[in-house]
Amino acid sequence: MGVPVQSHKIRVVLAKSDMDAHDRGLRYVAKVFRDQGMEVIFIRYRIVEEVVIIAQQEDADVIGLSFYSSGLVYDTSRIMDLLKEKQMTDVLVILGGTIPEDAAGYLKRKGVRGVFTPGTPIKNVVTFVKKNVRKLEA
Amino acid sequence: MFEKEELKHIDRLENIWQKECHEKFREDNDETPTNASGIKLKPVYTPLDVKEIDFRDISFPGVHPYTRGATPLGYRDLPWVMRIGCGYGTGKDTKERWEYLKKLGMRLHVGTEESEDEFPKFTILTDLPHQRGYDADDMVARGRVGDCGLSLSTIEDLDLLFGGLPLDKLQVTFITYDPTLTLTAMYTVYAQQRGYDISQLRMQTPHILYGQWNYDTIAFPPENALKMMVENISFRIENIPLALHTAISGYNMVQCGANPVQEVAFTIAVGMAIMDECYKVGLDPDEVASRFWYHAHLGMDIFEEVSKIRAWRRLWAKIMKERYGCTDPRALSIFINSMTGGLSCPAQEPLNNIIRLTVLTLTGVLAGSDGIWTSSYDEALAIPTKEAAQLAVRTQQILCHETNIPAVADPLGGSYYVESLTAEIEKRAAELIGKVEALGGAFKCWSTGWFRKELERSANEWQAKINSGKKVMVGVNKYRLEKDTHKIKVFKHDPKYEQESVDRVKRFKANRNHRGVKQALEGLSNATEKFLVEWPASCGTLMPNIIKAVEAKATLGEIQAVLKQKCGYEYTY
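These protein sequence lines are chains A and B, in that order. One point on numbering: in my numbering, the residue at position 132 of the first sequence is 715, and numbering is uninterrupted. One point on numbering: in my numbering, the residue at position 207 of the second sequence is 738, and numbering is uninterrupted.
Derived by calculation from the structure, the hints in this document are not laboratory data. Ideal Cβ positions, reconstructed from N, Cα and C, are used throughout, including at glycine. Please note that the accuracy of each hint is not assured.
Unchecked claim - In silico DMTMM-like pairs for lysine to aspartate or glutamate, Cα to Cα no more than 25 angstroms straight-line:
#  : chain 1 : residue 1 : chain 2 : residue 2
1  : A       : Lys691    : A       : Asp664
2  : A       : Lys713    : A       : Asp673
3  : B       : Lys811    : B       : Glu853
4  : B       : Lys582    : B       : Glu536
5  : B       : Lys1023   : A       : Asp664
6  : B       : Lys1018   : A       : Glu684
7  : A       : Lys718    : A       : Glu684
8  : B       : Lys573    : B       : Glu627
9  : A       : Lys614    : B       : Glu853
10 : A       : Lys706    : B       : Glu853
11 : B       : Lys1095   : B       : Glu754
12 : B       : Lys634    : B       : Asp690
13 : B       : Lys1014   : A       : Glu684
14 : B       : Lys1018   : B       : Glu880
15 : B       : Lys1023   : A       : Glu684
16 : B       : Lys1014   : A       : Asp685
17 : B       : Lys1018   : A       : Glu632
18 : B       : Lys1084   : B       : Asp1015
19 : B       : Lys1020   : A       : Asp685
20 : B       : Lys1023   : A       : Glu668
21 : A       : Lys693    : B       : Asp1025
22 : B       : Lys1027   : A       : Asp664
23 : B       : Lys1001   : B       : Asp1015
Unchecked claim - Here are the computed distance ranges between Cβ atoms for each label pair:
#  : chain 1 : residue 1 : chain 2 : residue 2 : range
24 : B       : Leu701    : A       : Glu632    : 37 to 43 angstroms
25 : A       : Lys693    : B       : Gly642    : 46 to 52 angstroms
26 : B       : Ile929    : A       : Lys693    : 39 to 45 angstroms
27 : B       : Arg1038   : A       : Ile624    : 19 to 25 angstroms
28 : A       : Thr710    : B       : Asn770    : 56 to 62 angstroms
29 : B       : Ala969    : A       : Ile630    : 39 to 45 angstroms
Could you put together the complete structure from these sequences and hints?
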């Protein structure tokens, strides 16, 4: 752990607060990502700072966050600020859950690249990640 | 139920009918519609499909096995309870929404006249920090206080909500999770401080500590969760006997993937596991069973869902009678609160959900639910706006007043289709309960992850059907617009809720006897350890110590921290 892995597999940290029960969608995304050959690190965090620490340790290419409104704006803003601080802005950040449009707009302006609400076909999420992930080292 | 000669005649008719649609009628091919329980549906049902059923299994409403409902006259006697929840910000903000719903005519029982003694049911959603036992000023609570639920950390927070209201006339359900014991203690201490006799209180919490097997949240481990649940039951039977004590929740498990047969089987298995543990501590089965409520999920397949609830009632009554010797009708036929399923209400074209929620609420009514929770069309976007909440209230009122459905109990009873489905779901659920028992019971199936695997499998099956288009969601995977230009107003969370709540907790903490709090929490810590080790003899010793801590002005978060430390608070998998 902590040693960056040289791999052509896309490494994704999928994260949700350990207070929030609504994880069915995220678990499904994890399953599909794994079926698609991505390396998925699935975490439940107590405080949002943990997500960035783990993403750094795991050399994540993608961070996927899941919310049902509660904590959405605070946690995501905090993660975007931390990624900037740690110069990790090439990590692709995507969001899923019950996310109203104006919150989505605000978070996109902070650097979140994809927002996927319930009912989004899973293939759209996969395509988006593959298209927008940073260039992977061979 | 039918004469042999009559059945032969019907059989002959069916053969004629089959010849008529010979080309179109094919049995057992891939195109045969199948419901979520996995039962293949016939194009039409006849007495032949119900010939094995004894009418005594269907019987009358209010008569064992209560297939047709708990009370003899159904809604004529007692219309359903309007359980529409609300909660955000502080008690002051939540009360504003509750007053608005009251103004719309929300009553305890739908359609009843307003009276000074009649208060609508207060169904209160709490915020995530509270649900997980953190005070508003806890670091973990940042960004979540008063969001999607009421912030509640101290006994003073209760007064913001209930100050000036007659506690002996209110029916309150707090939708909370972990801190049930603590909240119960706070509510009873609050009521006593206001001069009320706590035996007159009607305050309940679902106490779904077992819900953790559905999803990956951190939680109390199974064996200790069960002890806390029984402690709550024991305390409430003795001290707050008018209130229900525990929800047997099908809703959460269906949202996590359970199909109707799993919902029936796993919920009843949970009830059985709790009953078994209550028996160990010497509680009377009738006293325990009569104070559960079943929180049923409502899905879009009207006839399957109505049949499911009928099957549930029948199976529960039989098991409570045969296995536990219950004789009290209220133990054999418990309160069923049905909730419209969020799973059926997507974010795309949210106004479509008005139609869906009407279908879902109608299903709850046709099933004879004792209480119904109708969600709002913006379910997938945020907590309800006033407009959306208004429609939820109106949906129930229109179904009550304008359709004549409440005039007749179990109106779908006797349908060959519904009776056939009811019997089949009961049969499959009974088999699945047998499997759960063979694996060691519900709490064992939680610990080993078996429940989780079963639910995940169902969830993936459901998702595969959505992906392939086999299961259609209009506007989502069929007829989907590139861009939905119709915008709706969405609830805006006010950031001031958090600051207000944090300030309140800080002030509360500053104004108390610190040594008294410390002593009470130490006492609680020792008592909890003893409670766990000396179980079941120690049943009844935990609550008095939680009450002492509340009286000493410990906060919810402080008390929960002690309980978490002693009981464990972890991921089961």
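A quick look at each hint next to the structure:
1. A:Lys691 <-> A:Asp664: holds (13 angstroms)
2. A:Lys713 <-> A:Asp673: It holds: about 14 angstroms lies between the C-alpha atoms, which stays within 25 angstroms.
3. B:Lys811 <-> B:Glu853: OK: B:Lys811 and B:Glu853 at ~18 angstroms, within 25 angstroms.
4. B:Lys582 <-> B:Glu536: holds (12 angstroms)
5. B:Lys1023 <-> A:Asp664: Holds - the C-alpha atoms of A:Asp664 and B:Lys1023 are around 23 angstroms apart, at most 25 angstroms.
6. B:Lys1018 <-> A:Glu684: holds (10 angstroms)
7. A:Lys718 <-> A:Glu684: Given that 25 angstroms is the threshold and the Cα spacing comes to 30 angstroms, the pair is violated.
8. B:Lys573 <-> B:Glu627: violated (50 angstroms)
9. A:Lys614 <-> B:Glu853: violated (43 angstroms)
10. A:Lys706 <-> B:Glu853: Not OK: A:Lys706 and B:Glu853 at ~50 angstroms, beyond 25 angstroms, violated.
11. B:Lys1095 <-> B:Glu754: Between B:Lys1095 and B:Glu754 the Cα gap is close to 13 angstroms, so the pair holds against 25 angstroms.
12. B:Lys634 <-> B:Asp690: holds (22 angstroms)
13. B:Lys1014 <-> A:Glu684: holds (13 angstroms)
14. B:Lys1018 <-> B:Glu880: holds (9 angstroms)
15. B:Lys1023 <-> A:Glu684: holds (11 angstroms)
16. B:Lys1014 <-> A:Asp685: Holds, at about 16 angstroms.
17. B:Lys1018 <-> A:Glu632: Not satisfied, since the Cα-Cα distance of roughly 34 angstroms exceeds 25 angstroms.
18. B:Lys1084 <-> B:Asp1015: violated (52 angstroms)
19. B:Lys1020 <-> A:Asp685: holds (11 angstroms)
20. B:Lys1023 <-> A:Glu668: Since the Cα atoms of B:Lys1023 and A:Glu668 sit roughly 29 angstroms apart, the hinted pair is violated (cutoff 25 angstroms).
21. A:Lys693 <-> B:Asp1025: Holds. A:Lys693 to B:Asp1025 sits at ~20 angstroms (cutoff 25 angstroms).
22. B:Lys1027 <-> A:Asp664: holds (22 angstroms)
23. B:Lys1001 <-> B:Asp1015: holds (23 angstroms)
24. B:Leu701 <-> A:Glu632: 37 to 43 angstroms: Since the Cβ atoms of B:Leu701 and A:Glu632 sit about 41 angstroms apart, the hinted range of 37 to 43 angstroms holds.
25. A:Lys693 <-> B:Gly642: 46 to 52 angstroms: Because 49 angstroms falls inside the window, the suggested range holds.
26. B:Ile929 <-> A:Lys693: 39 to 45 angstroms: holds (43 angstroms)
27. B:Arg1038 <-> A:Ile624: 19 to 25 angstroms: Distance hint for B:Arg1038, A:Ile624 is violated at roughly 42 angstroms.
28. A:Thr710 <-> B:Asn770: 56 to 62 angstroms: Holds, at about 58 angstroms.
29. B:Ala969 <-> A:Ile630: 39 to 45 angstroms: holds (42 angstroms)
Hint violations for this structure: numbers 7, 8, 9, 10, 17, 18, 20 and 27, all remaining hints satisfied.
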